[in-house]
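2 protein chains.
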Amino acid sequence: MSDVEKKHTQSSIDTVRRSLEDIKATLGKYQHIDGFLGDQVASRRDLGDEFIQEKNLIGLQDKLDAMHPADIAAILEQMPLDERLLVWKLVRSNLDGDVLLEASDAVRQTLIADMDVQELLAATEQLDADEIADLAPDLPEGVIADVFRSLSETERLQLKAALSYPEDTVGALMDFEMVTVREDVSLDVVLRYLRRLEKLPPNTDKLFVVDRREILKGALSISDLIVTSPETKVCDVMSTAVVNFNPDQEAESAAHAFERYDLVSAPVVDAHNRIVGRMTITDIVDYIREDAEQESLGKVGLRDEDLFSSVWKSAKNRWLWLAVNLGTAFFASRVIGLFEDSIEQLVALAALMPIVAAIAGNSGNQTVTLIVRALAFEEINKNNAKGLLRKELAIALVNGVLWGSVAGFFAWLLYGNIALGLVMLSAMLLNLIVGAAVGMLVPLFLQKMGRDPAIGSSVLLTFSTDSMGFLIFLGMATLFLV
Amino acid sequence: MSDVEKKHTQSSIDTVRRSLEDIKATLGKYQHIDGFLGDQVASRRDLGDEFIQEKNLIGLQDKLDAMHPADIAAILEQMPLDERLLVWKLVRSNLDGDVLLEASDAVRQTLIADMDVQELLAATEQLDADEIADLAPDLPEGVIADVFRSLSETERLQLKAALSYPEDTVGALMDFEMVTVREDVSLDVVLRYLRRLEKLPPNTDKLFVVDRREILKGALSISDLIVTSPETKVCDVMSTAVVNFNPDQEAESAAHAFERYDLVSAPVVDAHNRIVGRMTITDIVDYIREDAEQESLGKVGLRDEDLFSSVWKSAKNRWLWLAVNLGTAFFASRVIGLFEDSIEQLVALAALMPIVAAIAGNSGNQTVTLIVRALAFEEINKNNAKGLLRKELAIALVNGVLWGSVAGFFAWLLYGNIALGLVMLSAMLLNLIVGAAVGMLVPLFLQKMGRDPAIGSSVLLTFSTDSMGFLIFLGMATLFLV
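If you read the protein sequences in the order shown, they are chains A and B. For the first sequence, the residue numbers in the working numbering are 146 to 627. For the second sequence, the residue numbers in the working numbering are 146 to 627.
Looking at chain A on its own, in the form it has when it is part of the complex (with noise of 0.2 Å):
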């Protein structure tokens, strides 16, 4: 956006905002309530027909009649749920499927917990087979079975084909908005066939070549259709080397696919090289962006979380990840209980137990992002991962003799034991070594066993140099010094 359209979306906020604090004074004078919002209002529709008329009203409705979907969508993401509730009553109902698309996933909820059956079918009414299959997850069932039942036989199957695919995978990302040619008419042809379409779909940067039974052929590209003469074959300007997609496979590979090849679309073929779908880079971007946000939350534990969600339902978001992490911070302190004795007798061990937990931790949390990252770009594979075992536990050892060495002589300083320096130098050391073998094999494990090596590496990372930083430093210290 420039900033005069940046201005633009923030103003046409701010209008809303403004608006809303007028309405709701409109309101309050109606019904003689303050908080007029909530259970009193039932549905979107009765608020629109009695207010209807009222001025201010019809103003904000114009403005959100002029927005763009995702801006709407953004809008409401941003305002407390009464707020959120109101202006998404004055959206216009064929905006409603569009709007409920652009919402993140936990926004979606309210928005859908707060529509009928009939709001829910009008809405869907407006969305292509595979954006209803996107928005299914969170329909009522009832609602889907309705749905299904308005849908066009074509539609239908394509539904049911999208639903079938898992989640994360081109089955579950790909459109049916594929336009295919044959191979042996002229671009002439092409173009006045395309001209019989009103609008080519979105991201239609090639058009796929397939024969009589839908067998992917190659790819016309629609630059090349636009600067090659109208006589032209199709089959001699098509490439035949295509980059496609089948729809079981993982979505991410598909994503490295369009940043390597820098692609807007791409078919999605079947075993039989059949075509039944089609990527869109916008699907890919979306697809990163919630990725990428997925991974960012599941690393501490949480799933999406609407900001303006209940203090009760975002608790509760929070528990596993807590609960998680006292049973590990217990054990690890169990592992301090069996050291009770050396403790008492020299109390300065408890003071520096916790640094050489801490340094391991953050050193292989290093070691994990690493690893995690050559992972996600199959940098690794089974000729290296020794060799990078080797580096990384090489790193900790040059890490750990520099900055155990450090902690050691400040320790030495602080309590003025030299042996006590020299147990803190060695803890250090093996415990950086602990973080540097956990780090690297957590992942590769993790990913082995098909899970997501983002996410629960790092609690089990630290659930060992916690433990062992402990275990080592407090019996070293047992050993040599109590």
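To be clear, the hints were calculated from the coordinates, so they are not data collected in a lab. Treat the hints with caution; some may be incorrect.
Given that identical chains are not distinguished, each listed pair holds provided it fits within a single copy or across any two copies.
[To be verified] Once the Cα atoms are required to be at most 20 Å apart in a straight line, the calculated SDA-like pairs of lysine to any residue come out as:
1. K461 / V551
2. K344 / D273
3. K593 / L534
4. K344 / E376
5. K344 / S368
6. K461 / V546
7. K531 / F555
8. K461 / S550
9. K458 / N529
The structure presented is a predicted model; accordingly, all values stated were derived computationally and were not measured.
Starting from the known structure of chain A, arrange chain B on it as the hints suggest.
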């Protein structure tokens, strides 16, 4: 990629590896040394000239010639330095520029370090001004001056422009391959004009409509160009509401706009609305990935690291982070040191105190993650920040009572001391609240200081929850238990 294609790529890599073994054997025969790579081989041309007759080498070179530059870059990234430079020497020089562009920063530097001035000049000759600008930070000073002299007047201006914008702005990411048309001509004229170009620039989904002074008037989508009858004038079918950017705008906001409005390309205009460049989805996808990567690396204090760089170089890359964390860990350790008397009297404190620190750190990191995400999507503003802080504090209260009770109960059970359990509960509750406050305020503060809130927030948070955790728990214990 379909599985077939994937297999194909994998087999290319295997072929290269096998060929490498062969080449190594062959070169070993010629040079009678084992580790023949390194200083012995001065220039990649030498190697090429000397062994160009060798069958295996030619076989490998043919394979490389048939590959996409991005695939070559990926293969190079997977190889230890010696193998990497050998293969790099075999890449034909007309592909050098593209491979350099596709390689990661760290790997690119190893490749450039291996090239002489002539080779670098030859490599840049194939590239556009915006691509040269991408390589510029890694090129030796002298080479840039030479490259500059070799360019045309227009390209020089473009290169200067591209280099003048800071990293991560639209200006640094834009290209100059925009196709512009006038609004008063017919589509037929546009089509004839395009046919004279041999090929449209990649990602051309729309033509930019400008007037005589290059001022942006609108955009003509290729889709409309194709489906509309050729007699129509451009101004009758072009859209005038074109999402556009300024060159000094942040790339992040452009990325959001591309995602939100599903763009493939968009014009970049100066303050006078004159078109100066073009953003494409390809650049945006690269930016998003790189940004996400840098963020995940930055969180653990790393810059981009070549998987196969030397141990010494990798170790140094990790130092700053370890030093910072060692500093904060020592500070926390000094806090514990303040209470050594209490610990001596009640050694259970030593075993329990890490739990109080850890859980608040985990819980605070959940808050940090949610707030950083909300900041990235501009979901936090003056109106809702206070409400969000209240919510996070309320969640901390709920979780503090719940998990504090669990932890307090186990402490009571383990040590048979109910007062200790109660201190545990209270300390965990208070420290969770510290974690929530710091986890919310630190990212907001970093953002306000113009820094990336994703980087650094966690360190500051852990520092607070560790130090405060020890202070609160040991302080309360000293007051009530000892």
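Here is what the structure says about each hint:
In the homo-oligomer, the alpha carbons of K461 and V551 lie at most 20 Å apart only across protomers (15 Å), although the nearest pairing inside one protomer, at 42 Å, exceeds that limit. In this assembly of identical chains, K344 and D273 lie within 20 Å of each other by CA distance solely inside one copy; the values are 15 Å within and 33 Å between copies. Proximity of K593 and L534 under a CA criterion of 20 Å is satisfied intra-copy only: 16 Å inside one chain copy versus 40 Å between copies. Taking the shortest Cα distances, K344 and E376 sit within 20 Å of each other only across copies (17 Å), while inside one copy they are farther apart (23 Å).
For the homomeric pair K344 and S368, the shortest alpha-carbon distances inside one copy (17 Å) and between copies (6 Å) are both at most 20 Å. In this assembly of identical chains, the alpha carbons of K461 and V546 lie at most 20 Å apart only when taken from different copies (13 Å versus 43 Å within one copy). Taking CA atoms no more than 20 Å apart as the test, K531 paired with F555 passes in neither setting, with 35 Å inside one copy and 43 Å between copies. Taking the shortest Cα distances, K461 and S550 sit within 20 Å of each other only across copies (16 Å), while inside one copy they are farther apart (44 Å).
For the identical chains of this complex, K458 and N529 are inter-copy neighbours only, at 19 Å across copies versus 45 Å inside a copy, given an alpha-carbon limit of 20 Å.
The structure shown violates just one earlier hint, number 7.
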